[in-house]
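Chemist: Listed below, chain by chain, are the residues.
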Amino acid sequence: METLRLIARIGDQRVAIPADQVESVVEIDAITPVPLAAPHIAGLAALRSRVLTIIDTYAALEIGRSPREGLLQAIVVTIDHHLYGLLVDEVVDVASIPGEPEPVHAGLSRGWAHAACGLVEHDGHALLQLDPARIVAGPAVGPAVLAA
Amino acid sequence: MDELLAEFIAETRETLEPLAGEIVAWERAPDDRARLDGIFRFVHTVKGSCGFLDLPRLERLSHAAEGVLAEVREGSRRPDKALVSAVLAIIDRIGELVEALAADVPYSEHGDEALILALEKRSAPDEADASSLAMAPLVPAGPRAPARSIRLPVELLDRMMAGVSDMVLARNELSRRLRERGNDGSVDAAFERLSTCVAEMRESITRTRMQRIDGLFSALPRMVRDLSSELGKQVLLAIDGGDVELDREMIEMIRDPLTHIVRNAIDHGIELPAERQAAAKPAAGTLRVDARQSGNQILIEIADDGRGIDDERLVQKAIGSGLVTRERAATMTRGERLELIFSAGLSTADQVTAVSGRGVGMDVVRANVERIGGTVDIDTQLGRGCRLTLRVPMTLTIIPALTFSVGSELFAIPRGAIDEIVRASGGSVVVERVGNSPVARIRGERVPVVLLGELLGVESHVDQARAILVVVRASSGERYALSVDTVQDHEELVVKPAAPAIMATGVYAGTTLPDNGRPMLLIDPAGVAQIAGVRASDAALPAQSEAVVDVVETVPTLLFRACDDAVRAIRLGLVERIEDVASSAVADVGGRLRLSHDGRIVPLFGCDVVVPDKYDRVRVLLLGDGTNEIAYVIREVVDIHALSPDCVPVSEPGPIAGVMLVDGMQVELIDCFWLFAQACNPIASAERPLCLLDSDDPWMRDVLRPIVEQAGYRVAYSGDASERAGAVMILSADRAAPAPDEGGTVIRLRANAEENGRSAGSIYRYDRSGLIAALAAAQGGR
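Those sequence lines, one after another, are chains A and H.
Under numbering that gives the first Met the number 0, think of the first position of the first sequence as 0, with each following residue one higher.
Under numbering that gives the first Met the number 0, think of the first position of the second sequence as 0, with each following residue one higher.
Any given hint could turn out to be false.
As the list claims (entries may be wrong) - Listing some non-contacts, in silico: residues in chain A with all C-beta distances to chain H over 12 Å:
1. 17
2. 79
3. 111
4. 130
Claimed, not checked - A short, non-exhaustive set of chain H residues, derived as facing chain A with CB atoms under 7 Å:
5. 5
6. 9
7. 165
8. 169
9. 455
10. 457
11. 459
12. 463
13. 464
14. 498
15. 501
16. 510
17. 512
As the list claims (entries may be wrong) - Part of the chain H face toward chain A, derived, beta carbon under 10 Å:
18. 102
19. 105
20. 106
21. 156
22. 495
23. 499
24. 511
25. 589
26. 592
Simulated from the structure, these hints should not be mistaken for laboratory data.
Here the structure is a predicted model, which is why all the values come from computation and not from measurement.
Glycine is no exception: its CB is placed at the ideal position from the N, C-alpha and C atoms.
Just chain A, with the same shape it has in the complex:
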């Protein structure tokens, strides 16, 4: 099966997201913070007349905090009728990558393991395919438990 996938960079990891789940890629300049929300909720941003909930992908993957300097790129997805923008460091390409993702045998850290649905090959590189819904849902274990 041949599928279009969006390739992006999060930290030093290249990831793939099925293009049919992506509405668009936008540049975000201002984020309205949401006090009291979970750490992976970076805030709100506007996409024309619609409100995007911006997800701090680093926090969702438990690898720190997404950089917030300058113009930010976000991948727009719709999950359960809500619009989200997943912050990424760079959108690299949209490529047609054949085949289903294969199970990951390498030991992934918990955050990655939670969001990943497998590995795909592109240009001789292995890309982690991520499930946007799992990124939006945030870390598998609540932050309160982590802190304890």
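Keeping the supplied structure of chain A fixed, place chain H upon it in accordance with the hints.
Modeler: Quick look at chain H alone, frame taken from chain A:
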């Protein structure tokens, strides 16, 4: 117009238009089965709807056409030209009648018979006969009332709404640019006109989305009727508030939850008639469905007077299915126990019925309602019924809001929730600290203050004394002042539900995009009250006695029939559970009755000898004070009342605290304090402090003594006391005060409420609280 009728008209019109073409095509190819079926379906549907809506004329016409078409379908009749014309004429007539119905004008019945007769004419050789009927209607059809309504997919409305919102943003952008360029009279005027148009358009598009909740409720009578007859139950349905308007998408979103709740109420809530009569209730159960608007929320209540939800059984099921541990269950409050009904995979139904309890449970209901930013609350009394309250926001609509800033952040709050806005340092406003929480005194009324910056963890830029207090009244009843930095503006905002992770904070009602294009959060006053811990009961206390107190404090109180058949009362707060236990679990051991329950031994009160029922069971109330547990035998639960906290106290400490009036009947109130004191290791009487009373004063002996004893003292009389050291002495104020013994305290009581020179420093003898305070102080000072 009746919603159902309007629906029928819209539907009929919609199917009529393509049908005209179908009929013509069918006439050309009479053997085209698919076309014939299409026409047959149409008349059949019309006939069905007409019977339902009580439109006998339309029913007769469609019935006749249906009959002929059925014959054609069976092959017993050939569709010749005359027949097709006659069917066409009938369908035209149906169309005309429907238009007349829509315009609400009478339409002559003349000619119906002829049309029906024309159908019966079997292959009339004279074609002109039939066609003349069809071509020239017997009644000159007036100008067709133009269709005033159309059906639109909601997505189209959404797109329009989004388009208008984009337009507003573009207008604002333009407005900024124009301001930067300086004034140009002619451009400004044109821009003003554009602005007005945009605003009007936005308003009318918003209106298109509003619908009366009637549309949702109109399906209920039929459903209730069908369900109750299927289950052999009698249910009276009372619907109120059908004229409440809310967003049509919201209506769609609550359709399933509402249906599910109503089904549950009939299936599990309302009992069979015989069962109800046995419980002294009317044979027919009542199901109330009410809608009302409360601020920016719509409240829908579904209440039945059925058997209620047995939270004990819920807990047992939850333990059985591993949802909660036994330890956790033991510490759960009643509210928490009832919350279990919303847990996935928990159904209280003993049997899975066809109606409900098929796995789609209350968890789905709650999830669906929460997805649109709503909440579901449950309230139930065992044996008396159950009430579910859906609160859904009127979001996706434009609501008037106040925007304000805290630190560098902007927030909005629904204007409907705002009572007033005052400056914290204003003339009639004083902000005091009570404990560690600020309370504002606004024109003599005390209002708790919620520091929004502190609550949200946003640094405030304004000194607290210069803050603005926005006094709000939440839909849940709390009134409090929200302390914010500055008030920005009044704006009309399009509010949309926020993502679940944002709603999970509990303080936001949704998100909005104001004219500046930067998203903003709408504060939910009820959520803030809850998070900040403002409670309705202690909100808005009058600071002065002249302020009218409209809230009478009540305590939920359980009435029960005791073992001696007397009705007694107990404060519900202490009742953890009501259980039926095997009588063998009760034993007279260690000098008292004890109950072995869940692996623990619990002291048992309420009777001297346990009389089990015919199933060899005993019903007990399990009471808990947080640490200790005791059981109290009862015969049955009578009722739960909200009663005044006061009662007429009895003189002797004992299992009865006092007597209270319930519906004109004197009822003894159980003294839980005494029961727990008995159950726990009692303080040895020698360790109790001594209080000396004047033995010459009969009032002290008979009236005062029980109060002193209840305060924890041992009583002796001044004449016969041998150990006076350290004792508290109570004397009448008109007796000379003796020199106090070392370490002793003297409390002097006076007979008159007013103090005079002689009785200075004394306490009025019926000032119970003053006396108890003095006794407590004396004890603490030892």
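Chemist: Output the indices of the hints that this structure fails to meet, ascending.
Modeler: 2, 5, 6, 8, 11, 12, 13, 18, 19, 20, 21, 25, 26
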